[in-house]
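Chains U, F and V: place on chain W using the hints.
What follows is each chain in one-letter form.
Protein chains: 4
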Amino acid sequence: MKAIVDLCVVPIGVGVSVSKYVAACQQVLEAAGLDFTLHAYGTNIEGDWDAVFAAVKKCHETVHELGAPRITTTLKVGTRTDRAQSMADKIKSVRHKLDS
Amino acid sequence: MKAIVDLCVVPIGVGVSVSKYVAACQQVLEAAGLDFTLHAYGTNIEGDWDAVFAAVKKCHETVHELGAPRITTTLKVGTRTDRAQSMADKIKSVRHKLDS
Amino acid sequence: MKAIVDLCVVPIGVGVSVSKYVAACQQVLEAAGLDFTLHAYGTNIEGDWDAVFAAVKKCHETVHELGAPRITTTLKVGTRTDRAQSMADKIKSVRHKLDS
Amino acid sequence: MKAIVDLCVVPIGVGVSVSKYVAACQQVLEAAGLDFTLHAYGTNIEGDWDAVFAAVKKCHETVHELGAPRITTTLKVGTRTDRAQSMADKIKSVRHKLDS
Chain W
1 MKAIVDLCVV
11 PIGVGVSVSK
21 YVAACQQVLE
31 AAGLDFTLHA
41 YGTNIEGDWD
51 AVFAAVKKCH
61 ETVHELGAPR
71 ITTTLKVGTR
81 TDRAQSMADK
91 IKSVRHKLDS
Chain U
101 MKAIVDLCVV
111 PIGVGVSVSK
121 YVAACQQVLE
131 AAGLDFTLHA
141 YGTNIEGDWD
151 AVFAAVKKCH
161 ETVHELGAPR
171 ITTTLKVGTR
181 TDRAQSMADK
191 IKSVRHKLDS
Chain F
201 MKAIVDLCVV
211 PIGVGVSVSK
221 YVAACQQVLE
231 AAGLDFTLHA
241 YGTNIEGDWD
251 AVFAAVKKCH
261 ETVHELGAPR
271 ITTTLKVGTR
281 TDRAQSMADK
291 IKSVRHKLDS
Chain V
301 MKAIVDLCVV
311 PIGVGVSVSK
321 YVAACQQVLE
331 AAGLDFTLHA
341 YGTNIEGDWD
351 AVFAAVKKCH
361 ETVHELGAPR
371 ITTTLKVGTR
381 TDRAQSMADK
391 IKSVRHKLDS
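Protein chains in written order, with this note's numbering: chain W, 1 to 100; chain U, 101 to 200; chain F, 201 to 300; chain V, 301 to 400.
Some clues are possibly wrong.
[Stated by the list, open to error] 27 Å max Cα-Cα, derived DSS-like pairs, lysine-lysine:
| id | chain 1 | residue 1 | chain 2 | residue 2 |
| --- | --- | --- | --- | --- |
| 1 | U | K158 | F | K220 |
| 2 | V | K357 | W | K97 |
| 3 | F | K258 | U | K197 |
| 4 | F | K258 | V | K357 |
| 5 | W | K92 | V | K397 |
| 6 | W | K58 | U | K158 |
Hints in this document: simulated from the structure, not taken from any laboratory.
Next up, chain W with everything else stripped away, as it sits in the complex (with noise of 0.2 Å):
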């Protein structure tokens, strides 16, 4: 099962800069080989669920080995069995319905 996934990891009791932790979390996916995209509030990430999954355990367990006592992060999970959607052809369908 494929997914596409809005990550946003939130590490509490470190300060009010989080950077860190995110800059690490991409380093994670990136290790992990997924397709992944950082906005200003979060990062698409599209991949097996599985896969995507176990990057995000790892994304819990590197922020907290960073020194973050407690974390909270925000999911959106996003599948579909009625046919292959990616990343960019969202966007693009949505460009397209602007554009017509």
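Using the frame of chain W, we list chains U, F and V on its own:
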């Protein structure tokens, strides 16, 4: 790693009534032996990370099998390494502040 | 327009314990005269769109005043035009499916 | 109070294709004069709190007018009082950590 999760599964393409699918997810969580509590906009779940996310995957599979061609799920995921905290502890902690 | 909302306010930069801030938000919702129910990962709120979102803004203002320099909030917002549905109705509908 | 918001509007009861409704929301944001960026699982928006939430309400109204009887929206909302930070700043900050 223990996690407290808030899960909201939304089937798309099956009309406006989604309670049948939410009920099926409750049964998945029950069968998984997880602690969970339904609220008006999702379900709180408490358990080992792997057990919780195996159940979340099973929810997607089950809702697709019931006929939903597309699903969008919102999850909040909390982990902490500083101390153990249950769902009941979280609520008690807020109520204690309100009573004091 | 009536809305059912799930609100989870997370103060950042104030350490690991956030219950004081969540309690302050409960008091904001109470003062606003809204129907709300605390759960382990947020608060369900029911009311007129403008009243609910005025309260959400007031929560951010209050949590900043209490000393949090940064806040990240997750909201789910449900509206429907086909029929009236309360928070209690949503839970009852799922429970009914489970009992049948 | 300035806010950075991630908005994901999901119409329910209109079939599996939702891009028409997402496109309509893009036009609402454009008409409101807000800074926004579409991504594969939502739209980042930056602006004054009241302007952003007026647009979010307008999105719900518009999507209902287009025929969706039910909507479930997920929002992330960030505010901070310690310093000004744009959407571009947030991304730059993470990229900087990755490059160093």
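Hints versus structure:
1. K158/U <-> K220/F: violated (36 Å)
2. K357/V <-> K97/W: holds (21 Å)
3. K258/F <-> K197/U: Distance ~19 Å between K258/F and K197/U Cα, so the pair holds.
4. K258/F <-> K357/V: Status holds; Cα separation ~17 Å.
5. K92/W <-> K397/V: Roughly 30 Å between the alpha carbons, so the hint for K92/W and K397/V is violated.
6. K58/W <-> K158/U: holds (21 Å)
Taken one by one, the earlier hints fail for this structure at numbers 1, 5, listed in ascending order.
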